[in-house]
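Trainee: Quick mapping for you: the protein sequence lines, in order, are chains A and B. Residue 223 in the numbering used here sits at position 223 of the first sequence, with consecutive numbering throughout. Just add 1000 to the spot in the second sequence (first one is 1) and you have the numbering used here.
I should point out that these hints are in silico values taken from the structure, not numbers from a laboratory. Don't take every hint at face value.
[Stated by the list, open to error] Chain A is faced by these chain B residues, among others (derived, beta-carbon under 8 Å):
1. Met1406
2. Gly1596
3. Pro1635
[To be verified] Here are some chain A residues the structure puts well away from chain B; computed CB gaps all over 12 Å:
4. His39
5. Asp52
6. Ala58
7. Ala197
8. Gly292
9. Arg348
[To be verified] With a Cα cut of at most 20 Å, we get these calculated SDA-like pairs of lysine to any residue:
10. B:Lys1225 to B:Arg1246
11. A:Lys14 to B:Gly1411
12. B:Lys1288 to B:Pro1339
13. B:Lys1328 to B:Val1364
14. B:Lys1228 to B:Pro1287
15. B:Lys1228 to B:Asn1181
16. A:Lys170 to B:Ser1354
17. B:Lys1433 to A:Phe47
18. B:Lys1328 to B:Ser1354
19. B:Lys1433 to A:Val45
20. B:Lys1218 to B:Lys1228
21. B:Lys1616 to A:Val50
22. A:Lys170 to B:Ile1633
23. B:Lys1614 to A:Val50
24. A:Lys14 to A:Asn270
25. A:Lys15 to B:Arg1164
26. A:Lys341 to A:His331
27. A:Lys120 to A:Thr320
28. B:Lys1008 to B:Lys1053
29. B:Lys1008 to B:Asn1181
30. A:Lys170 to B:Asn1430
31. A:Lys14 to B:Asp1206
32. B:Lys1616 to A:Asp52
33. B:Lys1576 to B:Ile1587
34. A:Lys196 to B:Glu1591
35. A:Lys14 to B:Arg1409
36. A:Lys170 to B:Pro1635
37. B:Lys1228 to B:Asp1206
38. B:Lys1616 to B:Ile1633
All C-beta atoms in this analysis are idealised placements derived from N, C-alpha and C, irrespective of residue type, glycine included.
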Amino acid sequence: MEKRVIRRGQEELKKYVLDARLCTGCGACIDLCPYHRSHRGKTAVLFPCVVDEGRCFAYCPKVDVDLDMVSRHLFGRPYDGNPLGSYQSISATRAGGRLKNVASQAGGVVSALMYFALEKRYVSGAVLTDRRGLLPLPRFVTVPQDVLACAASKYTAAPTLSALNQAVEKGHRNIGLVGTPCQVLAAALMSSNPLKADDCVNPFGLVIGLFCTWAIDFRLFEPFLAGRIEIDRIRKIDIPPPPSEIMEVFGDSGTKLEIPLNEIRELVPNGCSYCIDMTSEFSDLSVGVMEGHPDMNTLIIRTDRGRRIVEEAAQEGYLTLSALPEENREHLIWAAGNKKKRGLSKARGEGMINTQGNETKSYLRISAEILEGLTA
Amino acid sequence: MSYLTDEKEGASCLVMGNEAIVRGALEAGVNVASGYPGTPSSEIIENLSKVAKEPNLYVEWSVNEKVALEVAAAASFSRLRALCVMKQNGVNVASDFLLHLAGSGTRGGFVMVTCDDPGALSSVNEGESRFFARLLEIPLLEPGNFQEAKDMTKWAFDLSEELRQIVVVRSVTRMSHASGNITYGRLPAEKRRAEFRFDGFALDPDEGIIISAPVAWKHQQQQEKIRKAREIFEGCPFNTYEGPERPDLLLITSSACYLYSREAVNVLGAEDRVGLLKMGTTWPLPPKLLAKHLSRTDKVMIVEEVLPFLEENVKILAAEQAAEIGVKTFYGKNDGTIPMTGEMNPDLVIAALSSVLGIDYVPVPEEYGREAQASVIARAPNREQVFCPGCPHRASFFSIHNALEMDNRQGFVCGDIGCYTMAIGSTGFNTLKTLHSMGSGAGIASGFGKLGQFGMDQPILAVCGDSTFYHAVIPALVNAVHNRSNITLVVLDNSGTAMTGFQPHPGLDHNVLGEAVPPIDIARICEGIGARVEIRDPFDLEGTRETLNELIEDTSGVKVLIMRKACALSPQRKNKKDYTVHVDETICIGEECGCGRFCTRIFGCPGLIWNAEKQKAEIDEVICVGCGVCADICPQGAIKREEVA
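Work the whole structure out from these sequences, hints included.
Mentor: And the structure:
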């Protein structure tokens, strides 16, 4: 009997993600082949590919994502819709004395952790996001010092995973990744061997996920800021905690531009509005700004691998850890739950959720029961 | 020396139609010949250039057809004999000057040869140059065989001098490019001296000033010349009749269609039923001659390519003389007996004749036809027109295509005429979206580039070849800069007029006579006009692509990217491999995810072949020219290249 080929290739990726405007430009499908390229934040399909089952489709976090499969693969338990995902513990944290004066965001914990992991060779290299002006640039670094050059939030949607694909192609393993929730989900898909390849190796040594409510489309952001500030000389971008409702853009000569967030929301890629993950649920460790403490981070420890690195980094003075106040935890759950509900309702309303488990290609596969619970 | 000059009077030679025209011009003692390359006309100037060592012959490739005609006109004005050669669409380019020239008149014999391309075998149009003769009121001759191609060309010079008017000789692809035996005439010993006289009475045709004004008077003079031509054509030996005194059908034809018609009559065995009137002088038609032949019968068929030019003119004469010759029934293009597009051939004439004459004729038995067609479909490989192995255009369009896709704003390219026209298809990654006349890509782009105020935000590109750049792009580029149009022009500089056979152009350091000339630098011209200019080697794929994206994103105005790499067939690259190339089978992943046969399925250089049995790519060493570009496109690095020492 002839094997029935269920096509999960470029054509389907194009139809269900790119043409459906779900792509956030995460880079998961870039640099796997000569067909897809990322340019100025946009994913481009250069030529039609005829491979029936492609990694581009398999790695994409915006099509046919089986959350239950990913959860079982990473955490050994089913996806239950918890607003913060699976985790072991949550802490308040900031970079320790070993890493002073880094131009990072909030507590500098992401840079500190990846610096430490690289220095101790828990990872052989790290996939990070640098920027030139406002343009995010994927980077693969192998020297701890280079981690610091990539510190601080970029806000623009970045094809970071293209650097990962390049590093894997060159034979690197045990790679560290700092990514947004969509990138971290793609990384989880990659490590789950979705194409059931015989020679598949999980390339990740440590995945640090970032808290994220949305990203900004570089191609809209650049013309938006042009004329208001010298783009090549932006030192830092920040969104202070609520209720400020502004984005701050700092120039290198001490200038500061304040932009109302409702203007910024106009620049968010369409794909972000379907996202149900605020805290990068499929990482080893997730890090975000701590509400009410602009110099601190919230740290979610999800895996044993993540926990060991955090504990060791704290012992060696790269991090300081403290208990997260209960009201912060509650607020985080509330905010993450809201994002989940918002994204799911939108996706469900547009018929993008597959609860049947059949071959229908849509954004997410999720059990009807969980879906009901989350959107109730 | 050439067989076109060394053979003596009376010698019989097998020559191409274009060579027959050359011999005719030489027998007429042509002094100056100019033209712009274009199939099927190019061999005329090329062959003349080979014999131009003589002091009484000057030959040039001009920058375009209009200038070519002006250059030749200067010779005629100086009482020399002048020849100007172009293909059908070249006449459109030259037509503005031609209009004025027809009004001013000429002095030395001046012949314009236009080689039309019915069926567009090597054109993107099947334009009809014959209508210019009627429109601009100048005489038109059409040779009906190879001997006539020579004899008529020679005679055209005499006619031109007699009328003091330019004479058009129109050939077609099958006349220019087919070969036949001709008998040579005498080469003249006369040497003419050039002198331009202008200080006689202003209106004197030989010693006055040469202008088309006073228009009413000059126009009258011009029409007098046409009347005179009509008189001469009444007795012209190039108009021939063969057939019975009273045929059932009079078939009037001209040019290559005369040969098809003769064959058709012969195949049908209808020699005693069909009278064949071949017209060599198709404008103006001689009315008395026509009346004489039209009187033979009531049924008239006109066979010609492409439009019903002869047909309509015959009908006018027939109507004017109806009282004398009677009412005729016409068969031709207007009633659908003969197709109004494409080339003619004997089969089409046979079909038309057999239907009009009621002859049962089955050209191919039905069964055989079916089998033959099935066999062709089954056995002939599915091939598209492709760029040659090692062609720089493939690399250039790969980068242009990729830059536009990566830019992701529905950018597009306006093209024009050259080998790069093929980029409308898969060999150029379907990159061209408009395609018209020489240089029109740049002009159209200039217009697209001004549509921003109507909401257009697509990047606009144009491409042109190096020869085309000089021919017709410069004014468009000036226009774009002057009007602040935001476009990117890509000049595909392959160091010669490659498509028509490497004729030199103003960018090169030699002319058609092999003399050293100052090369005119495209980059400096563009800079002088005010464009931002970049130069890249298209074989540096990623560098070229990056530059293109940068230029497309630069909204400051007109940008020019010169892609500089000689044509793979050019004298400087032909038979010289830069690399030996092979595929490492242990690395090639063929159809797997990560490649999907990228080199053979997408890049498509004919030097790459897919071994379906092994599921690996291979290099076809016979046709690979060793450019090495495929090594850069292989996603696995399986294609290896080694520099040839």
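Trainee: Quick one: which hint numbers does this structure break? Sort them smallest to largest.
Mentor: 4, 5, 6, 7, 10, 12, 13, 15, 16, 25, 30, 31, 33
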